Amino acid sequence: MSDLVRNIIRFAFFILVQVYLLNKLHLHQYIIPYIYYLFILWLPFSISRFSLLIIGFLTGLTLDYFSMQIGVHAAACTLIAYIRPFVIQVLAPKDSSEFNYREPSPRAMGWTPYLVYALILTIFHHFYMMLLQYLQFGDFMDFVIKVISTTGISMLLIITVELLFPRKMKFRTNTA
Amino acid sequence: MRNIFLFIRRFFTLIAFLALQAVSLWLLFTYNKFHRSKGLGWANEITGKVNSQYKSVDDFFNLKVENQRLHKLNDSLLNLLPANFEKIDTSARRVRDSIPYDTLGNHREYLWREAKVIYNTVNAQKNYIQLNRGSNQGIKDNMSVLNSDGSAVGVVINVSPNYSQVMSLLHVQSRRSVVMKRSGNMGSIEWDGKNPLYLTMKNIPKSDSIVKGDTVLTSINSNFPPGFIVGTVAEIIADKSTNFYVLRLKTAANFYNLQQVHVVERVGYDEQAKLNEDTKKKIDDPKNNNR
Numbered sequence: 001m002s003d004l005v006r007n008i009i010r011f012a013f014f015i016l017v018q019v020y021l022l023n024k025l026h027l028h029q030y031i032i033p034y035i036y037y038l039f040i041l042w043l044p045f046s047i048s049r050f051s052l053l054i055i056g057f058l059t060g061l062t063l064d065y066f067s068m069q070i071g072v073h074a075a076a077c078t079l080i081a082y083i084r085p086f087v088i089q090v091l092a093p094k095d096s097s098e099f100n101y102r103e104p105s106p107r108a109m110g111w112t113p114y115l116v117y118a119l120i121l122t123i124f125h126h127f128y129m130m131l132l133q134y135l136q137f138g139d140f141m142d143f144v145i146k147v148i149s150t151t152g153i154s155m156l157l158i159i160t161v162e163l164l165f166p167r168k169m170k171f172r173t174n175t176a
Numbered sequence: 001m002r003n004i005f006l007f008i009r010r011f012f013t014l015i016a017f018l019a020l021q022a023v024s025l026w027l028l029f030t031y032n033k034f035h036r037s038k039g040l041g042w043a044n045e046i047t048g049k050v051n052s053q054y055k056s057v058d059d060f061f062n063l064k065v066e067n068q069r070l071h072k073l074n075d076s077l078l079n080l081l082p083a084n085f086e087k088i089d090t091s092a093r094r095v096r097d098s099i100p101y102d103t104l105g106n107h108r109e110y111l112w113r114e115a116k117v118i119y120n121t122v123n124a125q126k127n128y129i130q131l132n133r134g135s136n137q138g139i140k141d142n143m144s145v146l147n148s149d150g151s152a153v154g155v156v157i158n159v160s161p162n163y164s165q166v167m168s169l170l171h172v173q174s175r176r177s178v179v180m181k182r183s184g185n186m187g188s189i190e191w192d193g194k195n196p197l198y199l200t201m202k203n204i205p206k207s208d209s210i211v212k213g214d215t216v217l218t219s220i221n222s223n224f225p226p227g228f229i230v231g232t233v234a235e236i237i238a239d240k241s242t243n244f245y246v247l248r249l250k251t252a253a254n255f256y257n258l259q260q261v262h263v264v265e266r267v268g269y270d271e272q273a274k275l276n277e278d279t280k281k282k283i284d285d286p287k288n289n290n291r
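Residue numbers (our numbering), protein chains in the order written: chain Y, 1 to 176; chain Z, 1 to 291.
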């Protein structure tokens with residue numbers, strides 16, 4: 001399966017899971033599970049920064065239209081799509097030829113760097129999204145608690161997904 | 001000129017990033033301000049289609065609860081049949097039947113339509129409900145929405161040809177007029193954006209004697225037909241700085257599992273809204289104010 005097809009299927013899958021499963025779970029007013037942005041975290045290393053931005057924006061906008069709060073997720077996704085290359089650069093080994101895999105994953109990067117990478121982007125995503133909601137209406141303590149608790153549940157979900165569905169990783173070869 | 005192009009090429013990603021941020025923030029603030037946006041019409045049609053597919057599966061698992069609720073409503077309606085009463089004073093009763101004017105000159109005030117909820121959230125601070133009826137089926141802005149058991153749910157704020165969006169009572173900008181059943185005092189309800197089980201009610205004077213469990217009904221001042229339940233008083237807080245109570249209401253509608261709803265049109269709404277506008281204009285106009 002080519003990268004394009006695989007990512008299109010992933011996109012539809014993540015949006016559907018977020019809209020019809022996680023948004024319908026009423027755990028608590030402070031704990032809203034978010035996982036859809038894992039789609040952006042899983043995009044290949046080789047993708048250009050500009051197309052990464054556009055894909056991030058469209059992902060957020062799609063979710064926005066489903067959750068009827070236009071702009072919130074789009075802004076947050078564009079932000080994490082923008083800072084993703086910087087985070088990868090910091091966490092990548094010095095010699096970039098050691099990066100033999102196509103996509104970020106625990107196997108490609110090692111568990112600790114991968115979790116740091118996921119945690120940084122998760123915090124940025126949630127902080128920015130909750131900030132936009134807080135600016136329109138809200139209470140400061142609510143905002144802080146929401147960022148922390150939502151980050152916690154999202155990290156838990158990401159770790160669960162990585163353990164339950166280890167992706168079959170292909171080496172990056174010259175023929176691909 | 002060359003330097004400008006070099007600058008743009010060097011910071012192309014940053015510029016693209018800022019442009020996309022600007023677009024999303026513009027969408028966010030204009031949409032929430034006016035509850036309308038240019039792209040929303042067709043997007044609403046697409047999400048509506050996906051949502052109704054999902055709903056057809058979801059419905060299957062909720063049949064039992066829904067049946068019980070319908071049965072309850074049917075039961076209460078059967079109790080209202082004229083045949084149940086021995087003597088009816090027709091001159092004092094407001095008749096609502098299916099044609100605008102009947103031969104006796106009775107005026108129709110409310111028109112009920114049924115609709116199905118195809119998407120609903122309670123997690124956000126601004127919760128919207130999507131219905132499977134739109135302007136093609138006669139739904140218009142400002143119609144009120146009641147749950148299948150007759151409890152208040154929200155007000156229609158946007159319609160596309162086949163779907164419509166409802167501002168739920170669980171929306172931090174929602175503000176509706178309601179009335180205490182026992183004393184008839186008017187108040188207003190809003191939501192603090194926290195717990196979807198409770199609403200906040202304001203403007204009830206301390207002279208009113210309120211106990212826990214008192215019923216709160218929709219008022220004639222709002223889009224809702226009067227006399228339908230909104231909630232019951234769960235907690236009474238005396239606001240020390242004013243002469244009013246702040247009440248916490250337990251909502252009568254269960255927002256977690258909305259299924260079938262009634263969309264109620266108030267036939268005279270446009271005329272009444274226009275009269276309100278005109279009155280305001282007349283009062284505010286300095287030319288008319290010379291008395």
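Everything labelled a hint here was simulated from the structure, so no lab data went into it.
Computed from a predicted model, the values in this text were never measured in an experiment.
Cβ coordinates follow ideal geometry from the N, Cα and C atoms, glycine included.
Honestly, I wouldn't trust all of these hints.
Cut-off 27 Å, straight-line C-alpha distance, at most; resulting in silico cross-link-like pairs (BS3-like, lysine-lysine) [unchecked claim]: (1) Y:K24 <-> Z:K280; (2) Z:K55 <-> Z:K140; (3) Z:K181 <-> Y:K24; (4) Y:K24 <-> Z:K212.
Pairwise CB distance ranges, derived in the manner of DEER restraints [to be verified]: (5) Z:T279 <-> Y:L156: 51 to 59 Å; (6) Z:A22 <-> Y:F137: 44 to 52 Å; (7) Z:V50 <-> Y:I47: 25 to 33 Å; (8) Y:V144 <-> Z:V57: 54 to 62 Å; (9) Z:Q173 <-> Y:P85: 32 to 40 Å; (10) Z:K240 <-> Y:V90: 49 to 57 Å; (11) Y:A12 <-> Z:L6: 53 to 61 Å; (12) Z:R113 <-> Y:P85: 35 to 43 Å; (13) Z:Q173 <-> Y:L58: 40 to 48 Å.
*Can you list which hints this structure breaks, lowest number first?*
1, 3, 4, 6, 8, 11, 12 and 13
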